[in-house]
Amino acid sequence: MVSGMILPEKGITMANKKSIKEHLAGAVGLLITLAAAFIIVLILVFLLSKDPLRTISYFFSGPFRNKFYFGNMINASIPLIFTGLGISLAFKSSMFNLGGEGQVYSGGLAATAVCLALPLANPFLGSIFALIAAFAAGGIIAGLSGVFKMAWDTDELITSFLISSALILIVDFIITGPMDDPTNNLLATSPIPLQYRFLKIYPPSKLDISLFFALFFAAGVYFFMNRTHWGYEMRMCGLNREFARYGGINVGKFMVIPMILSGGLHGLGGGFAILGTYDMCLKGFSGGMGWNGIAVALIAKNNPLAVIPAALFFAYLEAGAKAAMLHSDVTFEIAAIVQSVIFYLVTAQALYGLVSSKKRKAL
Amino acid sequence: MSQSQFTFPLIHNAVAIMTPILLASIGGLFTELGGMLNIALEGLLIIGAFFSVVFASVTESIFLGVILGICATVLVALMFGAITLYLKANVFITGLATNLFASGLTIVLAFQIYGNKGIVRFPNIHRLSTLDIGNLQRIPVLGDIFLGHNMFVYISWLLVILAYIVIYKTSFGMRLRGSGLNPSTIVSLGLSPRRYQLWSILISGLTCGLGGAFLTLNLGAFIPNISSGRGWIALVAIYLGNKTPLGVLLASFVFGFAEAFSNYAQGAINVPADFILSLPYIITVITMVGFSIYRYYRGLSSNHG
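Quick note, the sequences are listed as chains B and D, same order. If you're matching positions, the first sequence starts at 176 in our numbering and goes up one per residue. If you're matching positions, the second sequence starts at 1440 in our numbering and goes up one per residue.
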């Protein structure tokens, strides 16, 4: 009852069929949002930097300056594709998974644990096991909130956040306690065995073959949501749960399944990040991946294929901020302010031309 | 902490610890009654915490620091409310935006002003003075609850009473609740529900500004993301407190007690710090699920009866 009241569906789950005019209004709204973000970057840099022109030049062109930066930017979009997919799948089903941060982190830890437990396994089978573990870790954590929702109508939005917040601290403890590698000075586990590390495809950057998996999963989620029976039922529950119940859909089941899949995708994001990029579970390696997944899904209007460019855009923002930090005098957190501007405006119906149409509502 | 002048230090500490949660949830209660899930409490606490200590340090006056800190928080709340209500954005997403904005802005400013992204200490801020009345504090329970706190604690209680009056005894409170329950009735009175909702968001900015000020002024330092989940716990306290001022007070005390107990456990038993830090979240989840189970079965039995 609670989450139904909280979230007027209009902002998040847009109706499926839109006219050309509405599409156009949507594009204009997105353009305004991005322009506002762009202006905020300029304002912040001119206020904060002693050499604003240099900072701005690094902010915008930094990610394209060499193969290393460019490849790393693409690489940084991979976990965002997974978390963005996880969020859009849940949002499409009107389930609100706010625990992405903890799910990615736990998925990464689970994948690392499997790799370390099987030091001599076949690389192919071993990494499949690791990824299954990552999926399961994220899926169980998020699924729990779905089960609470189904059984007792506990608000999944808040429980998923709280469970994830508790888990982040517990994973922190496991990484720096029982699984800490005493031979290195990092707050991290031991490195995973060499045979599991994914092939790099764009040296000297960290970009690796998990890019193809991310693209594959985006296509897979798109197919699942739009071409399968379960996907259809999930979307129906997302549009109007009472209507779906009336139509004979097991509504309770589709409170749990979207959460499991959403959490699983988050976990996979963490698992791929370990096998492809980090090679060991570093304390806090996944910070921000969950929150940014929400923004990515919103920019993509929950369309799994549109998640890919949206994730690239977010990775570009962060890479730009990083380049500006390394080569100039601003701190990385200006990226957070720019991202918040996007968050602020991305659901603003007044910008997207939805207010004038039939969707006018008191709130 | 071992030699406390209180009979039940656990209760005394719980009352102190619950204060920022209570303050945030009083403001959140207004927005909740206005029909909005205000997850921005977390970020508003950070803004209040940062600006009040910075201004207090600059002006060398706790009072001015608190006032200016509240002003800054209300300003951010105004931005949050205006975008949500007048650009018709989803309140949940703009709440996330506010939290991200608060965290980013305070770190950027701390870096810019103090050249430091970690803990920023303010040597000229001293611990807030407390109401100490000698041996009276030894009175069991009553002394623990009522004496030996700083002014924020007493202000928060006054605000509970004030919130009760405003919500139930004034036309503003009734119209705000009307805006939350059924906006069209307010429209039919020729009034704008959005105006009442915006006021409720500003009120949440005010109380979160106070709550944030409590966090940093007592510590004499700012830590990035200092609210560390208190805004979320405040939100849960509103639900647990059945959306009434008194209920919110009791629920906040439960969470204050949970954290006081965690702190105590940290000293008494050899448990890793991360586990202790995760306890408030775990206790909150368990309380929430327990509460919804209770509500579920009460709903079932009342349907049969």
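FYI, nobody ran anything at the bench for these hints, they're computed from the structure. One or more of the hints may lead you astray.
As the list claims (entries may be wrong) - Each computed SDA-like pair below joins lysine to any residue, with the alpha-carbon atoms no more than 20 Å apart: (1) D:Lys-1682 to D:Asp-1713; (2) B:Lys-458 to D:Tyr-1733; (3) B:Lys-458 to D:Lys-1556; (4) D:Lys-1556 to B:Lys-476; (5) D:Lys-1556 to B:Pro-366; (6) B:Lys-458 to D:Met-1727; (7) D:Lys-1682 to D:Ala-1712; (8) B:Lys-476 to D:Leu-1526; (9) B:Lys-428 to D:Leu-1526; (10) B:Lys-381 to B:Lys-428; (11) B:Lys-381 to B:Lys-225; (12) D:Lys-1556 to B:His-502; (13) B:Lys-458 to D:Tyr-1735; (14) B:Lys-381 to B:Lys-476; (15) B:Lys-458 to D:Ile-1715; (16) B:Lys-225 to D:Ala-1712; (17) B:Lys-225 to D:Leu-1685; (18) B:Lys-476 to B:Ile-195; (19) B:Lys-225 to D:Met-1727; (20) B:Lys-497 to D:Leu-1548; (21) B:Lys-458 to D:Pro-1663; (22) D:Lys-1556 to D:Met-1727; (23) D:Lys-1556 to B:Lys-381; (24) B:Lys-225 to D:Tyr-1553; (25) D:Lys-1556 to B:Gly-459.
A quick look at each hint next to the structure:
1. This hinted pair does not check out: Lys-1682 of chain D and Asp-1713 of chain D have alpha carbons roughly 31 Å apart, beyond 20 Å.
2. Simply put, Lys-458 of chain B and Tyr-1733 of chain D have alpha-carbon atoms about 38 Å apart, too far for the 20 Å limit, and the pair is violated.
3. A threshold of 20 Å between alpha carbons decides the hint, and for Lys-458 of chain B with Lys-1556 of chain D the separation of about 18 Å falls inside it, so the pair holds.
4. Distance restraint check for Lys-1556 of chain D and Lys-476 of chain B: the Cα-Cα separation of roughly 34 Å exceeds the 20 Å cut-off, and the hinted pair is therefore not satisfied.
5. Taken as a hint, the Lys-1556 of chain D and Pro-366 of chain B pair is broken in the structure, with Cα atoms around 29 Å apart against an allowance of 20 Å.
6. Among the hinted pairs, Lys-458 of chain B with Met-1727 of chain D is inconsistent with the structure: their alpha-carbon atoms are about 29 Å apart, more than 20 Å.
7. In summary, the hint linking Lys-1682 of chain D to Ala-1712 of chain D is not supported, as the alpha carbons are separated by about 33 Å, beyond the 20 Å threshold.
8. A distance of roughly 18 Å separates the Cα atoms of Lys-476 of chain B and Leu-1526 of chain D; the hinted pair therefore holds under the 20 Å criterion.
9. For the hint pairing Lys-428 of chain B with Leu-1526 of chain D, the CA-to-CA distance comes to about 35 Å; that exceeds 20 Å, so the pair is violated.
10. Of the supplied pair hints, the one linking Lys-381 of chain B and Lys-428 of chain B is violated, its CA atoms being roughly 40 Å apart against a limit of 20 Å.
11. Under the criterion of a C-alpha separation no larger than 20 Å, the hint pairing Lys-381 of chain B with Lys-225 of chain B is inconsistent with the structure, at around 32 Å.
12. For the suggested pair Lys-1556 of chain D and His-502 of chain B, the alpha carbons sit about 18 Å apart, so the restraint of at most 20 Å is met.
13. Of the pairs offered as hints, the one joining Lys-458 of chain B and Tyr-1735 of chain D is violated, with about 39 Å between alpha carbons and a cut-off of 20 Å exceeded.
14. With a C-alpha separation of about 29 Å, the suggested pair Lys-381 of chain B and Lys-476 of chain B falls outside the 20 Å cut-off, and the hint is violated.
15. Pair hint Lys-458 of chain B plus Ile-1715 of chain D holds up; C-alpha atoms about 18 Å apart against a cutoff of 20 Å.
16. Proposed proximity of Lys-225 of chain B and Ala-1712 of chain D is contradicted: the alpha carbons are some 41 Å apart, above 20 Å.
17. Using a Cα cut-off of 20 Å, the hinted pair Lys-225 of chain B and Leu-1685 of chain D is violated, with the two alpha carbons roughly 52 Å apart.
18. Taken as a hint, the Lys-476 of chain B and Ile-195 of chain B pair is honoured in the structure, with Cα atoms around 16 Å apart against an allowance of 20 Å.
19. Between the alpha carbons of Lys-225 of chain B and Met-1727 of chain D the distance comes to roughly 49 Å, so the proposed pair goes past 20 Å and is violated.
20. Proposed proximity of Lys-497 of chain B and Leu-1548 of chain D is supported: the alpha carbons are some 17 Å apart, at most 20 Å.
21. Taking the CA atoms of Lys-458 of chain B and Pro-1663 of chain D, the gap is near 17 Å; set against the 20 Å cutoff, the hint holds.
22. A distance of roughly 35 Å separates the Cα atoms of Lys-1556 of chain D and Met-1727 of chain D; the hinted pair therefore is violated under the 20 Å criterion.
23. Note on Lys-1556 of chain D and Lys-381 of chain B: the hinted pairing is violated, with a Cα-Cα distance of about 27 Å set against a maximum of 20 Å.
24. Taken as a hint, the Lys-225 of chain B and Tyr-1553 of chain D pair is honoured in the structure, with Cα atoms around 16 Å apart against an allowance of 20 Å.
25. For the given pair, Lys-1556 of chain D sits about 16 Å from Gly-459 of chain B by alpha-carbon distance, which is consistent with the 20 Å threshold.
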